[in-house]
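**Student:** Here is what each chain is made of, one letter per residue.
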Amino acid sequence: MATQLVKGNTAAVIGALYAGCDCYFGYPITPASEILQEASKYFPMLGRKFVQAESEEAAINMVYGAASAGHRVMTASSGPGISLKQEGISYLAGAELPCVIVDIMRAGPGLGNIGPEQGDYSQVVKGGGHGNYKNIVLAPNSVQEMCDMVIKGFELAFKYRNPVVVLADGVLGQMVESLQFPEVSVKPEIDTSWAVSGTPQTRENLVTSIFLDFNQLEEFNYEIQEKYETIEEEEVDYEDYMARDASIILVSYGISSRICRSAVDQARKEGINVGLFRPKTLFPFPKKELKEIAGSKECTFVSVEMSNGQMLEDIRLAIECSRPTSLVYRMGGNLITMDQVLERIREIAAGEE
Amino acid sequence: MVIMDDYGKFETAWCPGCGNFGILKAIKQALVDLDRSPDEVLIASGIGQSSKLPHYLRCNTFNGLHGRSLPPATGAKVANHELTVLAVTGDGDCYGEGGNHFLHTVRRNPDITMIVHDNQIYGLTKGQASPTSEIGMKTKVQTHGVFNMPLNPLSLAISLDCSFVSRGYAGNIPHLTKLIEKAIQHKGLSLVDVLQPCVSFNKLNTFKWYSERVYDIEEPGYELNDRVKAFEKSLEWGDRIPLGIFYVNEKPSFEEHIEVLESGPLYKNIPKTELVNKLIDGFI
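Top to bottom, those sequences are chains W and Y.
All letters in the first sequence, in the order written, are residues 9 to 361 by the numbering used here.
All letters in the second sequence, in the order written, are residues 31 to 314 by the numbering used here.
No lab work stands behind these hints: they were computed from the structure.
On a predicted model such as this, the values are computed, not experimentally measured, just so you know.
Each residue gets a CB set at the ideal place from its N, CA and C atoms; glycine is no exception.
Any given hint might turn out to be false.
[Stated by the list, open to error] To give a feel for the contact side, a few chain Y residues facing chain W, derived at Cβ under 7 Å: (1) Thr91; (2) Lys170; (3) Thr173.
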């Protein structure tokens with residue numbers, strides 16, 4: 009099996025190509041531009057389609073079009089560009105179309121800067137566009153997972169006919185690690201039961217998100233809620249790093265979780281009973297698992313995130329506020345430090361809550 | 031009397047040798063020559079290397095969203111039409127992301143001077159083709175060369191009957207300064223498309239490349255109000271590239287259509303709250 013040193017952004021493109029993605033539409037933005045650049049190189053090389061659009065809105069609507077035709081489509085951007093794509097994402101969800109969107113989060117709000125942050129959590133996990141829809145959201149924390157979760161993303165996008173967002177950040181996009189290349193390459197096939205691919209089989213199909221009849225739209229809304237419930241039952245994924253036997257549970261995803269892992273190792277050496285719970289899916293959020301942990305013993309939860317408590321809310325909801333929670337966070341493009349996390353762990357261990 | 035120092039001195043984040051320095055200098059010089067003090071001037075920009083320019087001027091500055099320097103400039107002009115309003119933008123910002131705003135601002139014709147840093151490349155994101163990149167230009171994304179037709183901003187503006195259409199060159203600062211002065215003095219939307227060498231990412235359209243090709247359009251018999259002739263002139267590109275004012279059409283500006291502005295800018299005419307009582311009469 010081939011292993012190479014690659015950037016996280018490149019790994020996302022490699023994942024897409026192995027997942028059978030045959031159309032890429034994008035627009036440059038730091039720190040996600042390498043995805044566009046690598047796609048421009050490798051998609052045509054492997055006989056697939058690539059377009060640099062005139063704007064993020066154009067790119068997501070190209071995704072809308074190609075996804076309607078049944079293709080395996082991807083786009084990528086960063087915070088400000090994801091905000092612009094939200095309109096299109098709502099329509100993709102409304103038309104029940106599969107696609108993968110990679111968000112290499114940068115610091116906001118507004119233009120902010122190009123440093124890493126996790127401030128897109130709410131706009132991606134909670135929907136972001138208008139209407140009662142959900143994105144499936146996967147959260148990698150390594151270059152390997154940048155590749156693997158794009159592949160997983162395509163699998164889920166087609167299984168549920170729903171947009172999937174791979175929610176990464178500036179560090180994950182830019183850093184270089186070893187990547188074990190996938191073993192299987194998916195052959196893209198068009199599902200003629202819903203796609204509008206211009207063949208005799210698909211002539212009756214209609215891709216749309218408009219339902220002029222109120223009752224019909226009401227029924228559709230209930231149907232997609234059922235789909236989201238199934239996703240919540242079937243697709244939760246997380247990593248438990250000594251969380252089940254810990255009295256202090258750090259909850260963290262993405263690059264922050266890497267820092268937390270080091271903090272857990274250090275604190276354990278100091279004899280503090282701490283663990284890390286890392287959601288790998290942010291929607292579906294591992295509510296049941298967190299609730300189980302909360303119900304099993306006296307413990308306290310610490311959300312460690314590079315945003316203003318956006319995930320903390322979901323932790324509280326998951327454990328139904330049954331245990332103390334607190335927040336370690338940093339914003340504005342600077343990374344959380346291990347010391348910052350350790351300090352909080354030591355405070356809790358010393359009973360200074 | 032206004033002097034250059036009134037507009038401040040700043041460290042910039044532009045590459046050494048960038049064409050943006052020439053444009054910044056020309057804008058400053060034009061404002062000084064027209065004796066506009068910094069408090070009378072508002073500069074709005076979008077996102078891109080061009081759009082950093084307001085950060086390097088001490089006046090009323092606004093740095094907004096990608097592609098969207100013109101809508102806030104229009105908003106500011108409506109709020110206070112006594113201000114000299116400049117919109118600073120770039121080829122990717124204005125002709126790509128904000129293309130729609132460009133079309134409709136031309137139609138609306140607010141008294142705004144648009145200065146477009148046209149370097150035929152995306153500089154801020156390090157070298158992808160822009161809407162004005164030439165066919166065949168190779169970049170890290172367009173590895174086999176650009177194949178989309180470049181957008182011709184001058185032809186587009188003239189076809190929409192933009193009230194002032196011009197092209198300058200960052201390598202000829204005195205000429206560009208005069209052009210910006212005339213654009214500011216013009217009442218209505220004025221477009222100054224500025225050829226701006228990008229020394230880091232555009233190795234094709236260099237200072238040398240432009241300098242060998244540009245010439246001044248000003249010649250006896252060139253009528254500024256001849257739209258067809260101007261359109262024809264705007265198509266000239268390649269071995270010879272015309273600079274200067276291509277087209278002028280004096281017509282009422284957007285602000286002149288807004289009745290409430292006749293008695294002065296909004297900040298001097300705060301609406302009387304008791305007037306809202308009139309509203310209810312309309313519902314009886």
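**Student:** State for each hint whether it applies.
**Tutor:** Quick rundown of the hints versus the structure:
1. Thr91: violated (14 Å)
2. Lys170: OK, holds: lysine 170 of chain Y within 7 Å of chain W, min 5 Å.
3. Thr173: Holds. Min distance 6 Å.
The structure fails to meet hint 1 from the earlier list, while all remaining hints are met.
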